[in-house]
Structures are given as structure tokens and as C-alpha cells.
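K.L.:
All chains, full assembly: derive it from the sequences and hints.
Residue numbers (my numbering), protein chains in the order written: chain A, 1 to 277; chain B, 278 to 542.
For the record, the hints were derived by calculation from the structure and aren't laboratory data.
Incorrect hints may have been included.
Derived coverage of chain A by chain B (criterion: at least 3 residues anywhere in the stretch with Cβ under 8 Å from a Cβ of chain B; other residues may be distant) [as the list claims (entries may be wrong)]:
hint	segment
1	49-56
2	75-81
3	90-103
4	145-156
Just so it is clear, the structure is predicted and the values come from calculations on it, not from any experiment.
Every residue, glycine too, gets a C-beta built ideally from N, C-alpha and C.
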Amino acid sequence: MSIDVRNVSFCYNKGTSLERRALDNVSLSVEKGEFVLIGGEVGSGKSTLIRHFNGLLKPQSGLVTVSGINSTNKAVRSKAVLLMQYPQKQLFGKTVFDDVSFGPSNFGLKGEALNKRVIDALNLVGLDHSVSALSPFSLSGGQMRQVALAGVLAMNPEYLILDEPTSGLDPENRSLLLSTLKKLHSTGISVIVVSHQVCELFPLAEKVVLLKHGSIAFTGTPAEYLRSVSSPLPEVTLLMKELNKAGFNVRDDIFSADAAFHEISNALVKKGVKRYG
Amino acid sequence: MDDLFLSFVPVNSILHRLDPRTKIIGLMLASICILKASSFMEITLIMFVFLILLFICHLPVMHFVRSVRPMLLFFAILFLVQLFFTEGTVIFSFKWLSVSYEGLVLGTIITLRFVFLLLFASLLTATTSPSRITAGIESFLRLLPLKHIGISSHDFAMMMSLSIYFAPLLYDNFRSLRDAQISRGLDIKKEPVKAIFSISIPLVATSVRRVEEVAMAMESRCYSGIGRTSMYVMEFRRMDYLFYLLYFFIFSFFTMPYFKGYIII
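P.N.:
Structure representation (C-alpha cells):
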């Protein structure tokens, strides 16, 4: 049970003067329940890759299967669900309920079951069910994002794929999103996040994939990533590296703020700084 | 991908370097010739002119094939209507449908006229960047007495370039929305009405927001329609004059027989 990408290549505008190679012989697998972070610069093929996961793009060569089903089969779209960048743009329903129920009703869910699915999805993203009667256009930007996320969660996916989910969010909504993702992951859903800023989601990830010019430059655990990749690194890790250079003896394979705080205060105590509290 | 329809392809060629006004006038004259063409001889001549232009514009033939392809259905209907509903010598009949010789000739000529109109238009758009086309049209508009009714040609030009600027944005937006709704299980072929609503509503909403942003950005940079200059300085070079000479010969060749009273239909 996994998403399997085998030797996939993809070219935009194939056979024209504007031909652009986006993916070059990429192989990757995402196990069920895994939290995967896909990083890479703008234009490295991240978005093209995830569009293959739910069959929006068909591989020009190679094969993509989701839980054993070929991605060209439309059934994969309810298993691997993709939330686009700036998803608040995609809302269209008269009410929030209409919009969130769009996905599941496309897959034949009706009546009470549909009702329950929508309310559950709204609760899961941290919205009160009272918003379901409002127009999505009357909500704030952050809430619209939450509704859009609920709209894909209502499809009850096995794999949730998010394209740059944190871009343009304020810190409050960002931490809300991160905690929602953490919660979803703990219920057994695979979360695949694409971001050109690897840092924010680093503490949540179990596997990190780095794309460069359409091919995979690195796959492995976050710890392996810190050991073998020189850039891009999380800010916290960069700070620890700088501190090391400045003569503090701290570990530089740390990427979460809490661990860094602990490490730095220990180093300071060793240097003879008195500790209060 | 279908986004190459009537798009600009930057290459360095004689046609690309021509003044946009020369090309716009050329397209106008070519359109008149094409619409006047009523015999295979004339259509062949037009084809000949097109092939020469195709050769000197250094663009792949596929680009032009692609600009005709979206209209194939329209051409087919156009041809069939002429084929079946023109009266004359019947050469073939099937139940109540009959094909006449005249219909076959007329259908072919009319269809070819539209094909060539489209091909010449795509020759203009492929060799001239949108902003240059706008600059060219603006300079033509300046000749009209629009000032007296309170419209400046700058306003027109700005409206044109803004709509050209929005076309690709609109298309990008459309594509991402289509992908988003397909990801949520929309089947465009099975449920076209649902598809129209779920894509057009957010498309209009985002476009209105986009337009407002652009208007605000123009306001904040003190846009006023008067006294604007263009980034491109248009000037006629030797090659432009040569083209006008060619226009004169070709155009008079096509229109002369009519003056003389030969009307070939």
C-alpha cells in the first residue's frame, strides 16, 4: 500500500520550440501513513511530480501507481487528494457546506453520510460547524484556506498532498495548519507536503525528498538530510552551525526550536553562565 | 498543449524585424485579397505568398498547423454546408442528400479562405509581440479624430494591452482551477454543467480581484492616459518600404481584374 513512482519522465510542450523538461527519470515511493516533505527550488519539478500522484498528469514514460491502481484510473483521485497552492481560490459554493460536499458528492456520497463527512472535515480543520451555512466568500482569507482543506479532507483520502500550503499564511494560521497536519498524520493519513521552504515542516517530516532540475537529488530521513545536504537547511540548523563556528560546542543536527533552546542553554551553563529557574 | 494558439514566438527573422504597422497593413490587405479570391488560381497564389512568408519567418510549420487545429470542426461544418446545400450538377447523391459539383468547388474555396485568414493572422501574432501590435494599432488610432469625442488613443491602447496582458493570466487561472476541481473528483465530460459552475465562479471572483489590484497599482503610480510614450520606437526601414512595394503589386494583381470587369465567380 503505497504511492509508487517508477522511472517517470515528463516534458511540457513536448515536440515544440517551447519544450521544457520537468521530470527526468524520477523514482520514488511513499508508504501509507508516512509524512513526506518534498523540497526543491522553484522550477525543480515539485508541482509536476505531485500532479502525477493523483493522475492530473499522465507520465509520458514510466508508471505511477496508488495502492496498486494505475494513476490513469480515475479511482485514484479519491485516494490521493491534491490541495493546490492558494486553495482559497477554488471555492465556489453558495455555502461552505456546498463547497465542502463537492468532493465527496462527486464520488457518490449522499444524505446523512455526506452531512456527517462535511461536519467532521470542518471540525478536523478547526472550524465550527456553524460556518457551514455561510457563504465562503464572506470568510476571512485564513478561514477560506481552512474550508478548502476541509473540502479535500471530506473526500476521506489515504494520501493528502499539499502544494505550498504555508505560503501567504500569517504565523497564527500557519501554526494552526501545522497542528492540523500533525493531527491528520496521527490518524494514519499519509501527508505529502511540497514546499520550497523545507524548514517549517522539517520537525514533522519522516522522509525528505529534494528535487533538483527534475531529478531526485536526495531521499532519506531528516537526520540523514542534515548530514548529507548542504543547502537548503532549516534556519535553526544554520544557527547551530554558526554557533559552532563561533566556539560554542553545540550539536548542529538539530532543527526544532525546543531542542535548540535546550542545547544552547546547556552550552551556556558549561561556559559558566548561571541558570535561573 | 493548446496554449500555443496565436501566440508570439520570439525568433530573429526579417518578418520579426519589420515595423508592426507594416505587418498590420499587410494583414489587412491580405484579408481583402483572401476574401476576394474566388478561383483556385487565386487561392494557389495566396498559398504561394504564404509559403514564401513561412520560409522567411524561420518558424516551425507545426506552429501554424497548431493555430488551425482548434478550428477544424468549424471548417468541417463550413465545408459540408456548402457541399450539400449548393444547387447545381449533381455528382453524387445519398437518399435526400446530394452533392453538386458547384458545391464541392464553393465549399473548398470558402473553407480555404478561412484557413488562410487564420494562417495570415497567426503569422502576424507569431512574429509580433503583443505590445508591438498594440503600439502599431495605437499609432493608427491616433489618425482618427477620437480626441474630439473625448477618447484618447492612449486609452484604447491601454485597454488593448491590458486585455492582452490578462489573457494568459486568465488561462493560467483557468488551468489551475480546472486541476483543483478535477482533483476533487469533477468529471468534466460527464457533468459539464457542474464543471462550468465550479470553474467559472471562482474564475470570475479571482479575475475581479486581479483587475482591482491592477487598477489600484495603476492609480498608485499616477496613471493618466495623456502623454504616454511607448517602449518601442517604431520606424520604417528599407525592408518596410520593400514590403509596401510588394503589397502594391500583389494587391493590385488581385483587385485589377475587377476593375477591368472580369468577374470570376
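K.L.:
Between the segment 49-56 of chain A and chain B, see if three or more residues pass the 8 Å beta-carbon test, and mark the coverage as holds or violated.
P.N.:
Contact hint for the segment 49-56 of chain A vs chain B: holds, 3 residues under 8 Å.
K.L.:
Verify this for me: three or more residues of the segment 145-156 of chain A with a beta carbon less than 8 Å from a beta carbon of chain B.
P.N.:
Contact hint for the segment 145-156 of chain A vs chain B: holds, 3 residues under 8 Å.
K.L.:
Count the residues of the segment 90-103 of chain A whose CB lies closer than 8 Å to any CB of chain B, then report whether that count reaches three.
P.N.:
holds (count 5)
K.L.:
Are there at least three residues in the segment 75-81 of chain A whose beta carbon sits under 8 Å from a beta carbon of chain B?
P.N.:
holds (count 3)
Of the hints listed earlier, there is not a single one the structure fails to meet.
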